[in-house]
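Listed below are the residues making up each chain.
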Amino acid sequence: MPMMMLRGNESTAYAAKLARVKVIPAYPITPSTLFPEKVSELIANGEMEAEFLPVESEHSALSAAIGAAATGVRAMTATASQGLALMHEVLFIASGMRMPIVMAIGNRALSAPVNIWADQQDTIAERDSGWIQFYAETNQEALDLTLIAFKVAENENVLLPAMMGMDAFVLTHTMEPVNVPDQKDVDEYLGEKKINYPVLDPEKPATFGAFVFPEHYMDIRYSQYIAMEHAKSVIDDAFKEFEKKFGRRYSKVSGFMTDDAEVILVTMGSITGTARETVRKLRERGEKVGLVKITVYRPFPKEELVSITRNAKVVAVVDRNVSPGFGGAIFTELVASYNKEKRKPRILDFIMGLGGRDVKIENYEQVYDIAKKAKRGKFKEINWIDVDEEAVKEVEGSI
Amino acid sequence: MPMMMLRGNESTAYAAKLARVKVIPAYPITPSTLFPEKVSELIANGEMEAEFLPVESEHSALSAAIGAAATGVRAMTATASQGLALMHEVLFIASGMRMPIVMAIGNRALSAPVNIWADQQDTIAERDSGWIQFYAETNQEALDLTLIAFKVAENENVLLPAMMGMDAFVLTHTMEPVNVPDQKDVDEYLGEKKINYPVLDPEKPATFGAFVFPEHYMDIRYSQYIAMEHAKSVIDDAFKEFEKKFGRRYSKVSGFMTDDAEVILVTMGSITGTARETVRKLRERGEKVGLVKITVYRPFPKEELVSITRNAKVVAVVDRNVSPGFGGAIFTELVASYNKEKRKPRILDFIMGLGGRDVKIENYEQVYDIAKKAKRGKFKEINWIDVDEEAVKEVEGSI
Amino acid sequence: MKISRGATITEPGSTALEETGSWRTFRPVIRYEKCIRCMICWNFCPEPAIEKKEGENYPVANPKLIKMPVPVINYNFCKGCGICVNECPTKAIDFVREEK
Amino acid sequence: MKISRGATITEPGSTALEETGSWRTFRPVIRYEKCIRCMICWNFCPEPAIEKKEGENYPVANPKLIKMPVPVINYNFCKGCGICVNECPTKAIDFVREEK
Amino acid sequence: MFEVRFHGRGGQGAVTAANILATAAFLEGNDVQSFPFFGVERRGAPVEAYTRIDTKKIDIKMYIYNPDAVVVLDTSLMGKIDVMKGLKKGGYLILNTQKKPEEFPFKDYKVAVVDATDVAVNLGLGSRASPIVNTAILGAYAKAVGNVKIESILEAIKRNAPSRPEDNAKAALESYNRTILGW
Amino acid sequence: MFEVRFHGRGGQGAVTAANILATAAFLEGNDVQSFPFFGVERRGAPVEAYTRIDTKKIDIKMYIYNPDAVVVLDTSLMGKIDVMKGLKKGGYLILNTQKKPEEFPFKDYKVAVVDATDVAVNLGLGSRASPIVNTAILGAYAKAVGNVKIESILEAIKRNAPSRPEDNAKAALESYNRTILGW
Amino acid sequence: MNYEDMEFFAPGHRACAGCAAPIIVKWALKIAGPKTIVVNATGCLEVFSTPYPHTSWRLPWIHTAFENAAATASGIDAALKAIGKRDDINIIVFGGDGGTSDIGFQSLSGMAERGHNILYIMYDNEAYMNTGIQRSSSTPFGAWTSTTQVGPSKPLGKEEFKKPIADIMAAHRIPYVATANPAFLPDFKAKIQKALSIKGPKFIHTISSCTTGWRHDPSKTIEIMRLATETGIFPLWEIENGDFSKIRITYMPKQRKPVEEYLKPQGRFRHLFNEPEKIKEIQRMVDEWWARFEVKS
Amino acid sequence: MNYEDMEFFAPGHRACAGCAAPIIVKWALKIAGPKTIVVNATGCLEVFSTPYPHTSWRLPWIHTAFENAAATASGIDAALKAIGKRDDINIIVFGGDGGTSDIGFQSLSGMAERGHNILYIMYDNEAYMNTGIQRSSSTPFGAWTSTTQVGPSKPLGKEEFKKPIADIMAAHRIPYVATANPAFLPDFKAKIQKALSIKGPKFIHTISSCTTGWRHDPSKTIEIMRLATETGIFPLWEIENGDFSKIRITYMPKQRKPVEEYLKPQGRFRHLFNEPEKIKEIQRMVDEWWARFEVKS
Ligand SMILES: Cc1ncc(C[n+]2csc(CCOP(=O)(O)OP(=O)(O)O)c2C)c(N)n1
Ligand SMILES: Cc1ncc(C[n+]2csc(CCOP(=O)(O)OP(=O)(O)O)c2C)c(N)n1
Ligand code: SF4
Ligand code: SF4
Ligand code: SF4
Ligand code: SF4
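Residue numbers (this note's numbering), protein chains in the order written: chain A, 1 to 399; chain B, 400 to 798; chain C, 799 to 898; chain D, 899 to 998; chain E, 999 to 1181; chain F, 1182 to 1364; chain G, 1365 to 1661; chain H, 1662 to 1958.
Hints were generated in silico from the structure; no laboratory data involved. C-beta: ideal position from N, C-alpha, C; glycine also. Check before you lean on any hint, since a few could be wrong.
Short derived list, chain D residues pointing at chain A, Cβ under 7 Å [to be verified]:
1. Ile901
2. Ala905
3. Lys951
4. Lys989
My request is simple: use the sequences and hints to build the entire structure.
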């Protein structure tokens, strides 16, 4: 298991190679383009055997991936932002057709205005699409979670596509030491791709993508919903098996110094590390603060999140996304996860780091201050951190 | 103000005519195609003056609408389901560029599997897009809300696009008596389109859609978020003014027999009427049940919903959509709306009517039964109504 | 099984279980005495509701044709479009209103 | 104003406030004595960093040309691509390393 | 509330019939709804359409499962399609046929018949091969059910008919007069 | 934690330099990160790249605002760009120049210089017009800062250099030897 | 092997009586045989042939969306290649004119450019029929559709010319492009056969009458398509490798019939007969197209 | 009026030193003059010219997305028509080869078919440059790009031929299609002028060297583009109304130079010089194209 210095996009390219992906249709878009570039290089050098399809749009990239997956082979693609948005229609189709495609995302802000930097609006806006969603904190995680994504997606109790998000540049273009597993171990972990379901095959003709009437549609949607529920335990198992094989531990939600924490930060993706560092700093100052990192966002880890945050006084959710007219998605779903609970902590939403605005230790300190004050009295639910309120006021009038 | 027998799509076509829309790019898709058809007819007959653009895809339909709106003219389009999904990328662009476009949606299930019947997954999946969202219960509402949508979208404190959803077939293809306002009244209501912002004009060259760095992107997103907040009161005002002029009353959220209700149903769109009828029936039996209809879903009427449901014991939310891995969107956001409240009713989610599954009185009675039982003891949060559990079990194993 | 995962259908050609004869208001009737077994009707039937059968047991326009396959209409599927009637070069197919 | 609604920009051509001369490692220098004022450099400068100026105050290769406009490099913008140097038909433009 | 179901074939105008009936009832001050079966039926395939009529505001927006009346534009459908499905006991069945009401075995229902095809063809509405009977049959409806006046049907036809409103109105009127009630 | 910022121009290889430094430090058992300034800089435009080095696991993933060392591949940038921005007091400034350390007015900093251009050009790495100095300058870094050994730099170059690893390694070594420390 | 006596497309589908699309499909599949994978764009054919839980297809068949049939097929091609099964399996795409010439055109163009070994058949009923006869780029000049309504302000119906999709595909310089007409069955079959024998992207543009949208009696389907070619409005030709100079006319009408004979029986052109000069314009355009070939003969 | 001395495109933009795109833009705008609205697809030009809060454009300019410039422009055309301002304003679209020939091709084709009065200019730098030199359909045969990497298993770079976009647009039978080259400035200017004088959709395909992606010295930009035409690789022509038989060659090289002269200075073709037969193949293709014209002369 050699350590290599890899950028996030290279991590996922190596994951594709190790998973022995057969078809890779892709379309360039910053910040995910390094993925097809690396794949093209590995193929040109004879290090990887796969068909690389330089399609004419992301819509076609995912469509081609479905075509390929329908024949039973492993298919993967990568994209970001506008590219993912252009796939929107096809995302629902891939999951509805139960195609276990894996896709690496370089999480990037959506237009307009056009901006190529990190936030998670692109994948969050696809939370209804029926795809499993993983988020990486580091390039090591990017590689590992991509392999795990195949394991989960192809599980016969699941058969759903999965995306693996990594923040633009902060992961995609940042080089870090990555432990690249041995082919043999990956082969053992993933196993031969089992195909005990119909595929496109002249020997056994089947029809895919039929026209479904009200008589059946809802039941089929329900069965897809159930498959996503199944994914919950399948993911846990895949994490366990991964740990056994490779020694690296994952869980849908992981806590850091949460036990006695009165304020808990919740983060997802690359901004977690800086939050962890902040928590350390604050702890040194004697602050009772903890951190929860979300690694799996779909299916949403309701129970896990509630159980890890329930004893806090205040939960400060960091959303690198926003739904205008409501708030951040993680915040919304975390609050909703408390529906059945008798009591819940105060939950505050912090919109941060949109469009590549750097998320710094001082920003987290600010978050902590607001959260701490919110232990009692009135509080503001949706807080935009590190924005220029004056500039906005000038444009929109009152705030 | 003549009464006409109109289908939903014709209602919105008349609204376009009355709003003196100048550019209508559209692409056919069931169930919204009657809209461009009617527009084409009105133009051919000389009853309407507008440029109708039969574009080659919905992506282009909305793109052309942006181009048109950028010159300052009124632009409108209509679509549904796959068509809306294909616009996903452009939806965010239209709102980010602050183009006050109005779009009529024939709410229809998303592929896969392909199905042309009613549910609201298509628009709900666009709740992050920065568009204002109205939902009609009847064809009269479809017409009125389309006019109101222009009023709100073009308000200078808002300048955001708006969509108006009406359920597939149940509204789009159903004929009902509709009061079609006089042109003069509509002219007065909407006023001349005020353009006190930059437009594409060689006399005053401006640049639209520039490349924005992390330095400014988040502030611009924040300003868009603020505009959506402003829409809340602007919508209230537009409703009031509408009532004054046309005598028909609208509000973001409207209650029916909620005052003393222990169980409150929450619905949106065409399924509300049958719910209302069910409430009447149940009231006759002495059941303390009420109904809340949501007319504006974005911005989400948090305060209004909380204040109207807070005294119930159980709130039964009907979601004609589902986010696999979580639940229905209205449910999720309603629960989240209670974040700041000390106490909240029990809130249950009922996934119903996907892909055109008819939503009948007996289904609502079933919902009521489940909700009533949930007043105390354990309860199930996400309930799929009128699905074939056995069939699903056979396919997915356990449920 | 009432539904299938991803709505995949594994029974090829199963619309043949769904008869479309009810759509018909007119019925094409081959008068084999006039039929020259050119199979043009078979070529063009869109359902396809015309089957190619061994011809020996059917009336024949010309004894030389007896070994040739013959078109037989399957009324379970024939929608009564009339293409066969229109295209038959010998006008061998009558088109009669279905009984009410 | 730090931002604008919808990120619209109402100051046309304002990149001219952003100088790109810092990009240059080599500097084109027109030797007017050789310049025939053909304006080919002006045609092809991509910035554009070459301006057309009244020519009377500039040295001239041929007195007949004195009334003709002359190309003048605006070093605030010239990125030092060297196209003008390469295209000049009389090799009138030198290309010198910027001082370190 | 009074609910009506129409049976016809794709292209025969059952949907228009439902719309005209709704318009007629609306003209008499009722609230109404009319809608097609929400399907993808192609030309020639059996189709359904519906009308709801009420003196009060109609709130419900579900399908019609138990109609008060069923109107069949093309009785060749009857062998293949269960046109009686859900029809309320004592409900109306209005058929386009040359037969007599007695010839149908529907004891518990009120059967009314008219040869709408003959009426339509005589007025040149379609051909005998594909007659357009949707307006004619409404005359029979008015006569049989009586909850909308024939005058309203005529007026509604003038407003709704895709072409030749006069002849279509005539067809309705003539059918009205030729309708045979089986009860 | 030790943080380094590189200044160069688009196309000059500042990003590769940051990567090579990270690799070298990694080879010595450190945790490392290297990344470009996340921009859209075109060829010729001033660019930045960064390396983070720590003996402990590096958690943070924010920009580097207060580097411990700044490396300037092309001093022609210095008039136009504030290469000193945020550099910690007492931090290192490593410059590719023919000048002497004393000629720079940076009292509070440790200035080291090397004529990396000369080294690179002598080895045929790029032309005098556009020399490729990214490997050469790393020799100076090793000499000046000393938190990575020159051997590690040489090894990292061999693993990372897009082409001609040997000559690039030589360049680093020669620079190492020619570096003049200003303190 | 000859599979002409086998039916790979089952009856019981829900096409309108008299629809030409199933005729096209059944013949294409009889020529292709069982080792074929079919990809279908959304449209009438897809909807009427797969009423879940039933299917008319006796071959592997897939539909994903409206605009991406060629991309889906590209993925299949790549997958078969990757697992070494590419040579013995045909991939055939069926798309309507809307799904091909408008919304699916980009993915088709991409498939062509990348050189996938796929036969794309566009069945051209000259409008969006599945959604109810809306104008497509393939709708002919002067045709009524539900979005090119005819009325006092718009007496003409469609005001633009039919997009010359086969020419455009030929301009992509792919190995084989042809126009076809099932009413000319031997020619039709030969073209499918030929296309399948060539490696790389192939495109066949076949006319496909729609009784509902063209507004003609269902029994006239073949007759009217025959007239399309006999009047010269829909000429039959093939072009290899984009060499327009070597276009081969595969059916030369003895004596071209006047375009009226084609237009008259179709309700969609009825209004044109109030504007005879428009019909002359159509005749003129057709004559112009043929000038090149008829002069020679 | 003549606006040649005015600059509608300001300096201070962020293009690489030596990029050809600004040369194209500045000249197109000088010809079009101030009554012009510009639409831009996402790509290098868009990114380098509008670093918010600054813009290089002195004319009204809009960018919405990558694949929809032609559709955005169509909406502007319709709006100007609706308010009666159509006649005196030019609409010019600039799109890169990716934004035009790949992902934006469908919206372009739709714009052409609907007959919008718009001049579409594709600046062809033969790859996706903004994202770092990935293969597009317009990348020439044999070129290295970052997604047609060269290595033992793929010695060739791009294996497919350049998509003949101008031919394809001509096959749409729009009023005016031309290829252009800013190195041949008078011809370039004349084509812009002519295109703007014609009503309806116009398409100009101009070569646009990218020093970064083609891997040549920035100073050689014009020189290399000149060689593209002098070697016959990028011929200059125009076609009106899709009449290929009346193609007009607007620059006839006296003596075509060997293709090597064009390929040699570009790093992206370096590997080809290990495979001389591939270079011969390129030469052969170029010769074939020209055969038709040179025979005549
Ligand atoms: C993105 C998207 N837009 C619109 C539709 C709706 N739609 C489905 S089929 C169809 C028409 C198909 O027309 P064509 O391709 O010509 O085939 P035809 O139905 O005429 O056979 C349309 C508009 C869709 N399914 N997806
Ligand atoms: C839907 C979508 N996919 C991908 C991108 C990423 N992207 C932006 S510009 C660009 C390349 C542009 O290439 P081209 O059109 O050839 O113009 P160039 O940059 O070469 O001038 C790409 C791939 C995007 N913005 N949107
Ligand atoms: S009438 Fe039509 S469907 Fe019936 S057999 Fe003849 S061709 Fe076939
Ligand atoms: S070197 Fe380049 S940028 Fe500078 S003036 Fe010459 S052409 Fe213009
Ligand atoms: S509408 Fe036209 S194309 Fe569609 S099934 Fe009917 S006849 Fe065929
Ligand atoms: S990458 Fe190429 S096209 Fe883009 S700005 Fe640089 S030279 Fe121009």
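Okay, the hints, checked on the actual structure:
1. Ile901: Ile901/D check passes; min Cβ-Cβ to chain A is 5 Å, inside 7 Å.
2. Ala905: With Cβ-Cβ at 4 Å, under 7 Å, it holds.
3. Lys951: Check failed: Cβ of Lys951/D comes no nearer than 37 Å to chain A, outside 7 Å.
4. Lys989: violated, 40 Å
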